[in-house]
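Number of protein chains: 2
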Amino acid sequence: MDTVDDLDLLTQRLSPGAMTTDPDLLQSYRQDWSFDPAAGTPVAVVRASTASDVQETLCFADSRSISVVPRGAGTSVVGGSTAIDGAITLSLERMRSIRIDASSRTAIVEPGALTNDVKAAAAKEGLYYPPDPSSFEICSIGGNAATNAGGPCCVKYGVTSDYILGMTVVLADGSIAELGGDRIKDTPGLSLTKLFVGSEGTLGVITELTLRLIPQPPTPHTLVAFFPLMSEAVTAARDITNRTRPSELEILDNAAIKVAEEFLRMELDTDAGALLIGRSDAGNAAEAEMELMRTHCEKRGASAVFVTDDHHEGELFIRPRYAVYEAFEQKGVVIGDDVAVPIDKLPELTDGIADIANRNNTTVVSYTHAADELTHPVLNYPVADEAAAASAAAARREIYDLARALGGTVTTEYGVGQHKRGNLSNALDPVVVKLNRAIKNAVDPNNILNPRVLIP
Amino acid sequence: MDTVDDLDLLTQRLSPGAMTTDPDLLQSYRQDWSFDPAAGTPVAVVRASTASDVQETLCFADSRSISVVPRGAGTSVVGGSTAIDGAITLSLERMRSIRIDASSRTAIVEPGALTNDVKAAAAKEGLYYPPDPSSFEICSIGGNAATNAGGPCCVKYGVTSDYILGMTVVLADGSIAELGGDRIKDTPGLSLTKLFVGSEGTLGVITELTLRLIPQPPTPHTLVAFFPLMSEAVTAARDITNRTRPSELEILDNAAIKVAEEFLRMELDTDAGALLIGRSDAGNAAEAEMELMRTHCEKRGASAVFVTDDHHEGELFIRPRYAVYEAFEQKGVVIGDDVAVPIDKLPELTDGIADIANRNNTTVVSYTHAADELTHPVLNYPVADEAAAASAAAARREIYDLARALGGTVTTEYGVGQHKRGNLSNALDPVVVKLNRAIKNAVDPNNILNPRVLIP
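Residue numbers (the UniProt record's numbering), protein chains in the order written: chain A, 1 to 456; chain B, 1 to 456.
Any copy, or any two copies together, can satisfy a pair, since identical chains are not distinguished.
Distance condition first, Cα-Cα at most 27 Å in a straight line; then the derived DSS-like pairs of lysine-lysine:
| hint | residue 1 | residue 2 |
| --- | --- | --- |
| 1 | Lys345 | Lys124 |
| 2 | Lys124 | Lys299 |
| 3 | Lys156 | Lys124 |
| 4 | Lys345 | Lys258 |
| 5 | Lys156 | Lys345 |
| 6 | Lys331 | Lys258 |
| 7 | Lys345 | Lys299 |
| 8 | Lys299 | Lys258 |
| 9 | Lys156 | Lys299 |
Source of the hints: derived by calculation from the structure; they are not laboratory data.
Start from the sequences, fold in the hints, and give me the full structure.
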């Protein structure tokens with residue numbers, strides 16, 4: 001096959017300027033935010049601006065068994081859109097339209113729209129699109145759907161899957177499938193919409209999403225509580241979540257508190273074993289919810305508790321959680337990871353992470369979505385320091401081993417991608433692996449769609 | 001094949017007494033609550049009490065290409081467990097264990113447990129299992145999972161799928177697959193748990209479910225509002241749901257009000273075009289939510305509005321919705337159906353239903369989950385009256401045509417089953433039909449599992 005001639009054929013069928021084979025540009029599409037040094041180089045990048053561009057690209061690739069790596073904003077930290085040598089990278093970054101229908105409380109969006117832009121467009125109509133991954137300002141809504149993204153709001157509002165009513169996907173053979181619909185309770189056969197959400201581009205390429213919106217909740221009240229011990233914060237969190245549904249409930253470990261304090265200088269207690277941040281957006285019930293949280297924090301040994309119903313003070317109270325990333329970005333490479341252990345094992349996990357960081361002479365801090373039992377270890381090391389990168393990589397592997405030893409999982413809200421596929425193979429039962437593979441084969445028989453991610 | 005000898009082979013591998021071929025008993029497993037006169041007669045009924053019984057039955061059937069109809073409590077109104085001539089009906093009614101783990105807020109349940117028993121077991125620990133299909137006192141949790149059952153609470157709390165963390169299923173070949181897990185944010189490959197929920201027994205047979213529980217919400221406040229016109233109630237409902245999230249929001253049409261009043265004698269306004277019932281369980285915010293609802297109801301023309309924060313009075317206020325079924329059961333056959341149209345088309349739908357009932361000389365009333373845009377037409381006719389049954393059947397078909405003409409769907413929260421599979425075939429795009437079929441073939445290659453339901 002003369003690939004160059006063949007690509008000429010494809011480019012004629014695409015929107016003008018959609019395809020590039022410029023080496024410099026190809027280079028910039030090699031890696032995503034997992035910064036995989038082993039990332040391949042695509043043979044071409046197609047930046048689709050219409051569903052037809054996506055169809056043409058897949059028809060072309062499928063008939064030639066060329067792999068296709070779909071890519072949103074490229075913010076995957078697990079290699080969800082890491083390029084493959086000789087494959088086409090299909091970027092959706094140009095498909096960004098957002099249409100809000102306030103009367104049906106839905107948004108019709110293209111996959112390249114940034115999550116933050118979707119949220120803002122909804123907010124203009126007094127509506128709310130809840131899912132809030134940490135990267136919401138820079139990640140795409142299509143990527144959120146592909147990974148079933150979560151965030152702090154999930155404790156009360158659920159994950160991306162809960163807000164997708166329908167989607168248009170282009171299948172590997174170029175055919176277009178309209179999945180789901182704009183009714184909340186449609187049952188159009190098997191739950192294909194739910195199957196495609198979280199499939200990381202292995203089953204089809206999303207060209208449009210119909211999202212469910214909800215009324216904008218009231219301004220949240222905010223509580224922060226310092227605990228001498230992580231175990232106390234965990235017990236308080238469990239007491240709270242057994243009784244009420246906060247709109248956010250996060251726990252920072254001691255290492256995270258220290259990094260935040262160094263960056264923010266807001267007199268955080270850097271001796272504390274844990275900082276718990278709780279919010280309630282329950283309107284007139286928020287005050288009672290805050291009192292309930294305060295009571296349980298004090299009962300479980302909190303050394304200091306602060307509560308505010310003020311918007312600006314509340315935003316200040318939650319700053320430590322976000323400061324970790326900002327502080328680390330100034331210092332070098334930041335890698336956000338995620339693992340999940342049963343909540344009562346969290347103290348062992350965070351102690352273990354501190355120990356692993358020490359032994360590997362690297363930096364790891366963690367914060368936890370306490371109600372969802374999901375912990376984000378965040379690693380940091382100097383740019384262009386191979387030894388430091390290797391130490392961080394070793395620490396990550398040890399953290400995975402620890403999480404599994406504690407009865408947890410390492411494939412959680414950031415997705416599986418290329419990076420964690422091996423971990424998944426080890427963790428999954430052979431029957432389930434076979435089932436995943438059977439469905440993949442049924443939907444993408446030539447295995448062209450993102451063939452190195454997710455499915456063992 | 002000598003079936004009788006073969007069945008003897010199977011019965012030796014099952015728990016004692018699991019299998020029956022007693023003609024009288026077989027007769028009682030022919031129909032479900034869709035009362036399909038064309039229901040087949042099973043060759044045998046297996047009442048499994050262990051996962052092994054399910055495995056043995058499927059291995060046996062798969063190797064002989066005998067169809068298997070899984071059955072929970074048999075309350076499907078769309079023929080989800082209607083028997084097939086020569087097939088084995090596999091009942092899960094004996095698998096009823098319920099185990100609550102309060103510390104992780106989960107319930108591990110067997111599929112035959114009644115939904116009401118799951119709710120009660122959770123409540124004992126101060127926890128709440130929200131999904132509340134009308135039949136929750138008599139339907140099984142496995143059937144709820146198989147159909148992704150909903151109910152009035154869905155407006156705020158979502159459907160069954162939102163509460164299933166993991167499940168154990170036996171696949172057609174008898175292998176056991178553990179899907180999902182007990183972590184909220186596990187990503188074990190493709191979203192198979194979500195795919196199996198709502199698959200109506202076509203992909204596997206559930207032998208265990210891990211359910212997510214939430215804290216028990218406070219006692220709800222309740223509002224009832226009568227409107228001269230259905231259109232006014234609809235506008236009020238839309239105003240309300242654009243601003244807040246009630247825990248329940250139902251609308252009864254005039255025909256339903258009349259039936260409820262005749263049965264309850266509680267001085268309902270039988271001239272009203274619509275009765276709106278709203279609830280809020282938002283604790284200290286409930287009063288404000290009630291005031292907001294009252295304001296919007298009055299603004300949109302409500303002739304009378306009543307609000308209560310009293311538990312018993314609240315239960316009285318919502319009685320009309322449930323009275324419809326009770327009143328009809330005393331009179332004869334009751335058929336609950338469901339269709340969904342965009343909420344602004346609801347007045348056309350309910351007017352149309354009244355007209356259809358008149359023309360066919362049958363009885364149909366309706367109530368609507370207003371926030372989810374889902375309407376339940378409920379039909380009633382004398383027992384053993386074939387002409388009346390035919391009129392009701394004709395009316396149902398006309399209601400389906402009307403719902404579709406109004407831009408709606410007829411395959412909604414009650415599932416598709418055998419009864420609505422033809423409707424689904426007509427409504428679905430060929431690409432989506434092909435996709436459904438490809439996945440079914442991949443998971444159940446001999447097409448033994450409930451082969452007449454759901455998948456076109």
